[in-house]
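A.B. asks: As given, the protein sequences belong to chains A and B, one line each in that order. Using the numbering used here, read the first sequence as starting at 164 and increasing by one per residue. Using the numbering used here, read the second sequence as starting at 3 and increasing by one per residue.
Be aware that one or more of the hints could be misleading.
Said to hold, decoys possible - Chain A regions said to be covered by chain B (calculated; three or more residues, Cβ under 8 Å):
no.: 1; stretch: 331-340
no.: 2; stretch: 344-350
no.: 3; stretch: 355-362
None of these hints come from the bench; they were simulated from the model. By construction, the Cβ of each residue, glycine as well, lies at the ideal position given by its N, Cα and C atoms.
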Amino acid sequence: MLVDLAQNTLDGLGTGAAYALLALGFTLVFGVLRRANLSYGPAIMLGAYAATWTSLHYPAGLLALAAITVGGSVLAGVYVERLCFAPHRDAPGPGRERRSSAIAAMVASFAVWMQFEEAATLALPRHLYAFPPLTARPPLALGPLALRLEALITLAIAVAVCALLWWMLYRARFGIAVRAVIERPAAAVLAGIDVSRVSARVFMLASAVGGVAGFLVAATHGQVTPHLGMWTTLKGLLAMMIGGLGSLPGAVAGGMLLGVLEAHSQWYLGPQFRDLSVYLLLFALLALRPRGLLPARRAA
Amino acid sequence: MGVLLEVRELVTAYGAIEALKGVSLAVAEGSITCLLGPNGAGKTTLMFSIAGVLTPRRGSIRLFGEDITGRAPSTIVARGIALVPENRLVFPGMTVRENLYAGAYQRADRAGIEGDIERMFGRFPPLKERAGQGAGTLSGGEQQMLAVARALMSRPKLLLMDEPSLGLAPLVVEEIFRIVGELHREGVSIFLVEQNAHMALKVAHHFYLIEQGRVTFSGDPGSLAEDEVIRRAYLGAALR
Chain A
164 MLVDLAQNTL DGLGTGAAYA LLALGFTLVF GVLRRANLSY GPAIMLGAYA ATWTSLHYPA
224 GLLALAAITV GGSVLAGVYV ERLCFAPHRD APGPGRERRS SAIAAMVASF AVWMQFEEAA
284 TLALPRHLYA FPPLTARPPL ALGPLALRLE ALITLAIAVA VCALLWWMLY RARFGIAVRA
344 VIERPAAAVL AGIDVSRVSA RVFMLASAVG GVAGFLVAAT HGQVTPHLGM WTTLKGLLAM
404 MIGGLGSLPG AVAGGMLLGV LEAHSQWYLG PQFRDLSVYL LLFALLALRP RGLLPARRAA
Chain B
3 MGVLLEVREL VTAYGAIEAL KGVSLAVAEG SITCLLGPNG AGKTTLMFSI AGVLTPRRGS
63 IRLFGEDITG RAPSTIVARG IALVPENRLV FPGMTVRENL YAGAYQRADR AGIEGDIERM
123 FGRFPPLKER AGQGAGTLSG GEQQMLAVAR ALMSRPKLLL MDEPSLGLAP LVVEEIFRIV
183 GELHREGVSI FLVEQNAHMA LKVAHHFYLI EQGRVTFSGD PGSLAEDEVI RRAYLGAALR
């Protein structure tokens, strides 16, 4: 009984670590642009497809595939930023009208999502392709618990990525600019910070973080499908909403919580109820705490 | 004293609505120049236009004779104009020190930046005490000091201040105006937008009245009776 609980939590933390990375990427973009990027997951999917294509045609090691996934996600991310978000920034100054441009950006990112899915299925038309697994070794035995190595690797990489992000955002000059743009874009402009340049860089950074998550997910599942795009957008968005819109610690917490919740509901309710119960919980959470668990402070 | 900033026939519009309808004015080097006017007269629009946040439709803005009209805000900060915005707009989740770093974002001289931060702490002792504290926890007056210090971190030749006394207690307002006078003595030229005409006229060398997007008066304090200035600054000439 207790063993089940512990085992599910352990499994959930592994998945949750990948969700946390996805949510971090989502949150970074949302933080600087105040826009939901629906193409976030599809760009990651395209990166994973580039790696899959490579592994089908050339003998490539896991590290090379990871680099291709991340590189492909960043390239696709730049394409999304240039096409969907750079032309639809908020006009600065008082009394600005932001609604129309927010909707234009979101619809544009939806169109690019479809574009990416089509591109992926044109390059690799079968529904499912094998992705080289992260590890072939059996799980470690921790007393009565089994610790999957994939989960351990995912967790370790997620911790490393979080540490790197923390350093970039809280210890480097770049981080001052990013946080200034997140907190008060109008004041950041006045401080001489080039908001569109910072936003574009954050977009690349977010795509890279998402790419790392995409690689870990594809290699853990040992397969890719075109649905990976929607799946990553959904998980990232969900974890971000649970944690609190625009909050980086919230993204990590939301991702971990989502992973653990999924593991438990899958075990106790069965896989067919896993997503249903998670969405019900999200609904309840948003009804009670509309800004999520650890909402970001943001000034007007 | 030469002309530091010259604004000529400036028109800035939001869509079809012209907020500035051909504003011309000048700020002399080493002076405190003040802009008074009622709400909605275009004061903030003018400040944002000079800072490059809004792009004027017509007219020109020159700094030391160089045309800076329509330049990016980051370029204008680098050229030597910094704006202390209305309502201060400090970065609340960042520490006081980080706010100052943000103000120096255009600069690359690390040692100079650290030295300037120490100078700011010397000038504004409350900021030194709260260096590691989130700026959102500061009082209104302290936030105003931080906003001024942040702007000064770019080493501006011209400091634009938009309603620095807004929402502050009278004693704090006195303190802010004392700082304005001090900065001026140190050689910073100041262009000040104020609702508090009484305080503004005490420090200003020259002032302009702006009403409905047009400059309607220009002169030295004393060239127009103060109650007349105050009446027009609050109500606008249209109601006479």
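A.B. asks: Take the hints in turn and mark each one as holding or not.
C.D. replies: Taking the hints in turn, this is what the structure says about them:
1. Check on the stretch 331-340 of chain A: 3 of its residues sit with their Cβ under 8 Å from a Cβ of chain B, so the three-residue criterion for coverage holds.
2. Taking a C-beta to C-beta cut-off of 8 Å, the stretch 344-350 of chain A contributes 4 residues in contact with chain B, enough for the three needed, and the coverage statement holds.
3. With 3 residues having a beta carbon nearer than 8 Å to a beta carbon of chain B, the stretch 355-362 of chain A meets the requirement of three or more and the stated coverage holds.
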